[in-house]
Structure formats: C-alpha cells, structure tokens
Amino acid sequence: MKKAAVFAAFVFVAAFLLFAAGRLHPFGEPSAPAMDDYFLAHSQAETGANNVVTAIVFDYRGFDTLGEATVLFAAILGVVAVFRGPREDER
Amino acid sequence: MRGEMSVIVRTIARITYALILVFGFYVILHGHLTPGGGFQGGAVVASGFALLPVAFGAAAAKRYLNPSLMRHLEEVGSLAFLALGFLGIGISFFYNVLANSGSLFGAAVPFGPNSGILNSAGTLPFMNWAVGLKVMTGLMTIVLVLLIGAGKEGKD
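Chains X and F are the protein sequences, given in the same order.
Once you know that position 56 of the first sequence is 56 in the numbering used here, the rest is easy, because the numbers rise by one and skip nothing.
Once you know that position 141 of the second sequence is 141 in the numbering used here, the rest is easy, because the numbers rise by one and skip nothing.
Bear in mind the hints are in silico, worked out from the structure with no lab data behind them.
Glycine is no exception: its CB is placed at the ideal position from the N, C-alpha and C atoms.
Among the hints, a few may not be true.
Covered stretches of chain F, as calculated for chain X (at least 3 residues, CB under 8 Å) [unchecked claim]:
hint	segment
1	43–52
2	120–127
So the derived list for chain F, only partly shown, Cβ under 10 Å to chain X, looks like this [to be verified]:
hint	residue
3	THR11
4	HIS30
5	HIS32
6	ARG71
7	LEU84
8	TYR95
9	ALA107
10	VAL109
11	LEU146
Given the sequences, and given the hints that come with them, work out the whole structure.
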C-alpha cells in the first residue's frame with residue numbers, strides 16, 4: 001500500500017515535470033528582449049567593459065550589488081556574533 | 001598534529017594552494033574582461049585559504065590567518081565599494097565617472113567581440129577589487145570563526 005502510494009506520487013511528479021519541460025519557453029528567444037538588446041548594444045560603449053554581466057552588476061544595477069554586499073556583511077556579522085563567544089576577561 | 005590530514009592531501013594542498021590563489025586573483029583583476037568578477041574571484045581565493053585548515057588543521061591555519069584582521073579588511077572592502085558608488089553622485093549613484101574618460105581605466109572599447117583592453121571600464125575594476133577583497137576576507141572570517149568556535153567546544 002505504502003509502496004504503491006510512493007510509486008503513484010513519483011509518477012505524478014515525473015509526469016508533471018515532463019509536461020512542464022515540454023511547454024518550456026524556447027531557448028534563446030526571450031519574449032521581451034528590448035532590455036537585453038539595449039545592454040548588448042550599448043554596454044561596451046557606455047561602460048567600456050567587455051564583460052556585459054559585470055557592466056550590469058556593477059554599473060547599471062550597482063545599487064542592487066550594494067544590497068547584495070550588505071547581505072554578505074550582515075551574514076558575516078551574524079556568524080561572528082554567534083560564534084565569537086565571551087571575551088577573555090568575561091569568563 | 002591534531003586535525004591534520006594525510007600526506008597526500010597535504011602535498012596536493014601545497015601544490016594547488018598557489019594555483020588557486022593565482023586563479024582567484026586573475027578572476028578578480030580581469031573581472032571587466034572575462035567571465036567572473038569580484039564576487040566569484042573572492043570566493044575562489046577564500047576556498048584556497050579554506051584549504052589550509054582542511055589540510056593542515058585549525059591550529060596551523062590560525063597561526064597564519066588572523067580573523068580580526070580579516071574582519072577589518074572586509075569592512076575596508078565594503079566602505080571602498082560604497083565610496084566608489086558615491087564617486088558618481090553628481091550624476092547618479094553608481095554612475096561610472098571614469099569610463100571613456102581617457103584617464104585611468106578610461107580607454108574606449110570597440111563594439112563587438114575583441115581581445116580585451118585591460119585599461120578600460122572605468123570604476124568597474126576598482127569595484128571588482130573592493131568586492132573581491134570583501135568577499136575573500138568575509139568568507140575567510142566565517143571559516144576561521146567557525147573553526148575557533150568548534151575548537152573551543154572540543155576543549156571544554
């Protein structure tokens with residue numbers, strides 16, 4: 001009974017995923033490519049960077065990267081605060 | 001010594017340590033030309049540093065790497081990144097003031113695929129360095145602090 005239920009669940013999930021894979025958006029044909037085309041056409045002239053990803057991450061979306069850096073900083077702050085333990089003179 | 005791995009691991013670590021660091025710094029320094037950037041290169045360098053405690057034990061790694069210095073360097077990287085963002089505040093936050101200016105990192109880049117000009121991209125290389133420093137020291141801080149915490153637990 002339990003095995004049959006597991007098998008049924010597996011078949012259901014697999015069929016669902018296969019159905020979704022068949023209906024995927026075709027690769028390399030974005031539905032709204034205006035912004036992608038803008039970055040590809042202008043990023044080299046505007047930022048002087050060959051690497052368009054870096055141009056987007058540090059120039060066009062620099063504020064976003066600042067938030068990401070803040071997240072990393074907060075994570076490190078949390079780890080240090082939890083694992084530092086008491087000071088030598090507080091023991 | 002306690003926490004040390006076998007001689008095979010230690011020998012491979014000695015050889016690959018320098019290669020990993022060189023590759024990580026290459027990814028950071030060429031972030032505006034090749035795939036990767038400050039974050040990715042910093043993670044590679046931090047993984048190279050993390051090889052030390054894995055192969056030689058926490059005690060040996062703590063002798064060479066100072067978590068307090070790492071934490072302060074991480075703050076320096078964060079502040080440098082913020083300051084570079086404020087460089088272009090006259091036009092907009094994170095405006096690339098140095099790009100195409102003809103001065104430091106200000107060379108113009110031809111359109112399309114090209115072999116890459118290292119002296120280009122304006123403030124992006126500086127931001128890559130700042131974020132690279134921040135990520136490598138930040139991840140190393142996490143590794144060292146966790147090691148120290150685990151060591152204390154073991155002693156008690």
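For each hint, the structure was consulted:
1. 43–52: violated (count 0)
2. 120–127: Holds: 6 residues of the segment 120–127 of chain F have a Cβ under 8 Å from chain X.
3. THR11: violated, 31 Å
4. HIS30: It holds, given that the least Cβ distance between HIS30 (chain F) and chain X is near 8 Å, below 10 Å.
5. HIS32: Holds, because the Cβ-Cβ distance from HIS32 (chain F) to chain X comes to roughly 4 Å (cut-off 10 Å).
6. ARG71: Because about 7 Å separates ARG71 (chain F) from the closest Cβ in chain X, which is inside the 10 Å limit, the hint holds.
7. LEU84: holds, 9 Å
8. TYR95: Holds: closest Cβ of chain X sits about 8 Å from TYR95 (chain F), inside 10 Å.
9. ALA107: holds, 7 Å
10. VAL109: holds, 5 Å
11. LEU146: This interface hint holds because 6 Å falls under the 10 Å limit.
Comparing the model with each earlier hint shows violations of hints 1, 3; every other hint is respected.
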